[in-house]
Amino acid sequence: MGGARTRPEPQTGARENVIELPVLAEGSVEEISGRTRQRARFRGDFEYPGDDFEGPNVNRWQYLPQTPPVEDLLVEEVREIEGNEREMVMNMGPQHPSTHGVLRCVLGLRGEAITRCRPDIGYLHRCHEKLNELWSYQGTIALSDRLDYLAAMTNELAFVLAVEKLLEIEPTERADYIRVICSELQRIASHLLFFGTTALDLGAVTPFLHSFREREAVYDVFEYISGARLLYNYMRFGGVRTDFPPGTDKKIREVLDLLENRLPEYHDLLSYNPIFAVRTQGVGVLSRDDAIAWGAAGPVLRGSGVAYDLRKADPYSGYEKFDFKVCVEESGDVWARFMVRMKEIEESIKIIRQALDGLPEGDARGQVPRFIKPPPGEVYARVEGPRGELGCYVVSDGSDKPYRCHWRTPSFHHVSLLEFVPVGHLVADVVAIIGSMDPVFGEVDK
Amino acid sequence: MVEGDKAQPAMNDGTRQVLEAIRRDHPDWQPEVTRWGEVQLRVGREDLQAVARALRDDHGFNYCPSETVVDYVKEGRFELDVRLFNLDTGAKLVLKSDLPRDDATCPTLAGVWATCKWHEREIWDMFGVRFEGHPDLRRVFLSESFQGYPLRKDFVDARKPRPRLVRQR
Chain P
941 MGGARTRPEP
951 QTGARENVIE
961 LPVLAEGSVE
971 EISGRTRQRA
981 RFRGDFEYPG
991 DDFEGPNVNR
1001 WQYLPQTPPV
1011 EDLLVEEVRE
1021 IEGNEREMVM
1031 NMGPQHPSTH
1041 GVLRCVLGLR
1051 GEAITRCRPD
1061 IGYLHRCHEK
1071 LNELWSYQGT
1081 IALSDRLDYL
1091 AAMTNELAFV
1101 LAVEKLLEIE
1111 PTERADYIRV
1121 ICSELQRIAS
1131 HLLFFGTTAL
1141 DLGAVTPFLH
1151 SFREREAVYD
1161 VFEYISGARL
1171 LYNYMRFGGV
1181 RTDFPPGTDK
1191 KIREVLDLLE
1201 NRLPEYHDLL
1211 SYNPIFAVRT
1221 QGVGVLSRDD
1231 AIAWGAAGPV
1241 LRGSGVAYDL
1251 RKADPYSGYE
1261 KFDFKVCVEE
1271 SGDVWARFMV
1281 RMKEIEESIK
1291 IIRQALDGLP
1301 EGDARGQVPR
1311 FIKPPPGEVY
1321 ARVEGPRGEL
1331 GCYVVSDGSD
1341 KPYRCHWRTP
1351 SFHHVSLLEF
1361 VPVGHLVADV
1371 VAIIGSMDPV
1381 FGEVDK
Chain Z
593 MVEGDKAQPA
603 MNDGTRQVLE
613 AIRRDHPDWQ
623 PEVTRWGEVQ
633 LRVGREDLQA
643 VARALRDDHG
653 FNYCPSETVV
663 DYVKEGRFEL
673 DVRLFNLDTG
683 AKLVLKSDLP
693 RDDATCPTLA
703 GVWATCKWHE
713 REIWDMFGVR
723 FEGHPDLRRV
733 FLSESFQGYP
743 LRKDFVDARK
753 PRPRLVRQR
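Protein chains in written order, with the numbering used here: chain P, 941 to 1386; chain Z, 593 to 761.
In isolation and in its complexed conformation, chain Z is listed as follows (with noise of 0.2 Å):
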């Protein structure tokens, strides 16, 4: 997570126009560059959707191939990894969000980006962060009746060892 000049050989030239374009129109957003010649933005949980939906309307990225969420237990934060791509101009940015442990909620891209809905249920049945305003958060992967979310960090698993079936001869 360089910032500065020094990723720039990575950057393409539609994310060196975004990166312009939104130091240009919102001073207050603090982009950073990636090594990776992404465009790195922050933001706080209650301004994602505005951003996000800017970002799809003013900014032409139309494209979420990825969101997901890393379990930071030590630091006591989920933090929100949403990828970005503009399908015509090839500029790339990432959105990140911290989320408190303590109160694993976030509100929805679900309307922002529709491919968002599945992974907002993915993400809701492996870490167990309740989206707000999500129109069908249910479990994806695991059954309603799991106890638990099982890529969280500190998932004991409490279920009885099931017994071995054994063919009886």
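Just chain P, same shape as in the assembly (with noise of 0.2 Å):
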């Protein structure tokens, strides 16, 4: 941003580009399909799956070339940008490379500068909180896998967790053990893969590549536990599936000295690397305020100086047995709820190594029915996650299937973040922000 630079200044025809759409009249659809469809194939001469579908939804590809998406903003904000010939609408996503999977933002620009950003979500909706409602409490845990794909360990103990409490049972201490080393990989897990597509956003391709040599050690220890690399349907109500096979806490050790040595190498390769720093130190500052407000959790809340971990705050699972810290962070920018969670994989690895010294013997799986009805009520059970507080609202009927089945997801409430954190910066620093907060788009969209 040298003062040499002059920019240049903006073109007033540019609105010559857009084209101008019929309006839609009743009966119309036909004929605007047939020139969309044309307009399509001379863009690029491909035709889409759904082409010959006649149905009331084939006119959006009216929206494919240039106009601006007015729908996704206020009207006022529309009536704005109008009226201001320097400001341009850009749509970004749903499908850019770096938003996570399917996140799309509406940006207002001012040169290259964001004016406004609007996060439009629900690309990924798959009714999650309907089909609970369908499904037994039994199918729920495997469903809820699907809810965080990345952290599937710890979705299924929010809701365990809450059908226990209200079958009024308790899981056996050795299956708490266990949820508790399981939980704690899953972290570790979901913050290397979290390293690596930071630095991929921010194109830095190879501690992409270092990470998931080490995230693939800690997914062949979930292999080894539970048959399953991603959605593992492990946690049961009263403890967990199956005990550790033998020789599980040797593999977990070999893992957890493996990660010990490769730490350093990481923030060699990119925690202090100056580019890195550079583009992430004073980028995107929550302020405590807002980062409470808005309903921040996890390594956000904690990277905005806010010191609460639900592991001490409100321990679950016999997490107040165990020695650890809470990683906290007071400069509030991507940099700082980066460090959060690279220091939180070094506290996961002690948690892990205590619960592995400590664990009991016993069963890892209480005497529970197998076809449960809970008695009614109603009950929310709150866990840590890797991206922060996961509630679980669960009301029960009496029937075997719950009545009404709320997930408040961390995510949800980041991706609402990127209303005003973005504003002031560059189109390039977006990028940065959205890795920050980490979104998975199976919980923000459910």
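Just so you know, these hints were derived from the structure itself, not from any lab.
Positions of the beta carbon are idealized from the N, C-alpha and C atoms, including for glycine.
Incorrect hints may have been included.
[As the list claims (entries may be wrong)] Cβ pair distances, simulated, as ranges: (1) P:P1255 <-> Z:D650: 25 to 33 Å; (2) Z:G703 <-> P:R1181: 42 to 50 Å; (3) P:E1200 <-> Z:R616: 51 to 59 Å; (4) P:D1340 <-> Z:D749: 18 to 26 Å; (5) P:G1051 <-> Z:G740: 38 to 46 Å.
[Said to hold, decoys possible] Calculated pairs, EDC-like style, for lysine to aspartate or glutamate (alpha carbon to alpha carbon, straight line, at most 16 Å): (6) Z:K666 <-> P:D1337; (7) P:K1070 <-> Z:E714; (8) P:K1252 <-> Z:D605.
Using the hints, put the two standalone chains together into the complex.
Laid out in structure tokens, this is it:
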């Protein structure tokens, strides 16, 4: 942003590129769809799979070329933009590779600076809460894996804790330890993925390869324990599905040793790399008050200087027995959120070592009937997932299916922060900010 | 939902202090204690904003992780369920309000906790509860052209089934 460079004046006739679209009238769908299809063919000479579907959705292709996506902005905002020739509307996503799935951001730009940002979500909506009402309690455990698919263990744990509260049963002590070990391994795996994708978003490819190498080692452990690498279906009411197979202790300790050796390498490679520091420090600052008011959680909240961790504030599954510290950074920028996660990996390693040392003998699963009908009532259980407070609100009416199941997912609120955090930054910084929120669209869109 | 001293053991210190403060300052609020050691307040929807503001400013409930609605269709009401926490003392509180099903409106809490802005967009999308005074009440997951509110218990999907697309060989 040197002073020597002058910004070119925007062309006043830029709006000429916009193709005027015919006003939709009753019965004109055929004509418009034909015309837009022609245009689509002209643009790329390819056909869409639903091209011959003559339904009301056909005319959505009319939004393909250059029309600003005005339906996603507020009316007064559109008026403001139209009256301001220097402001442009740009669509980022939903297929942008750095949006971690299917996030679409409608950006208002003035030159390269962001004037407004409207996150648009819902592209991965799978009716999760409706399916919860249609499926039995057991089926919902497997379904909750799909919510935050990078942290399936903690999702299962939230639901299982909620139903255990309703049933008024306690898991066995060994099961609690196993749950803690699995949650912390999951946190490590998730944060390793974050490390890789953040670097990738900022243009550094190598850290991604390094972090995935270690993440594979963690997933090998999960495969050994539960038989699955990503979606485990491992937690059960009153315990876990199967006990640790013989040799698990050794395997987990090997992974922890490996990680401890590699973490300094990560810091050399990326964390204290001057280019990375320039791209992240002072970017996307989220103040302490905003973080609390907007419901930020987990590393995003702790990156803004709030020492709030449910494992300490409201312990579950026996977390009060372990010695670890809550990682906090004060600056609230992308760098702070990054460093909180990197420190949490070290704390997780400490917790797992303590849990492995103290792993009690006994059953890993309590005596709970296969088919359960919790008594009527409602409960809100929450766990500290890798992305923050994951809450599960279950209402039972005494039948074998939840009457209502609501998920409080942290990523949903982290995406809502995008409404104001990127304003004033450059387009390239939006990518860094989205990456630092680490949203997973399975749980944003539910 | 047991009232009284039976459920005291699960309650933490912050919650106990808040319960005492509420009983002292607001004798008309009638707090209950749930089985899980949370204070539960049931208020009419016309008092919702005032109560929420008092809870935030006077009792330190600065964090609202969850706001949702349950559809009790047989009783003809929606139940608004707001979970509140105090990050400093660890106090827990549940704010409940009944909304009649045939007049599904509610004053917005977006001015009290900013996070409710998106909670309420989700509720509007899924249950069709209109939040009065909300700054940006658009659907959040579904498209604006979607008919109906899918998490209502009486929702029927009236759309025609979409033809299956089969690849021609």
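A quick look at each hint next to the structure:
1. P:P1255 <-> Z:D650: 25 to 33 Å: 28 Å, holds
2. Z:G703 <-> P:R1181: 42 to 50 Å: Given about 46 Å between the Cβ atoms, the range holds.
3. P:E1200 <-> Z:R616: 51 to 59 Å: 53 Å, holds
4. P:D1340 <-> Z:D749: 18 to 26 Å: 24 Å, holds
5. P:G1051 <-> Z:G740: 38 to 46 Å: 43 Å, holds
6. Z:K666 <-> P:D1337: 12 Å, holds
7. P:K1070 <-> Z:E714: Holds, at about 14 Å.
8. P:K1252 <-> Z:D605: With a Cα-Cα distance of about 15 Å, the restraint between K1252 (chain P) and D605 (chain Z) holds, given a limit of 16 Å.
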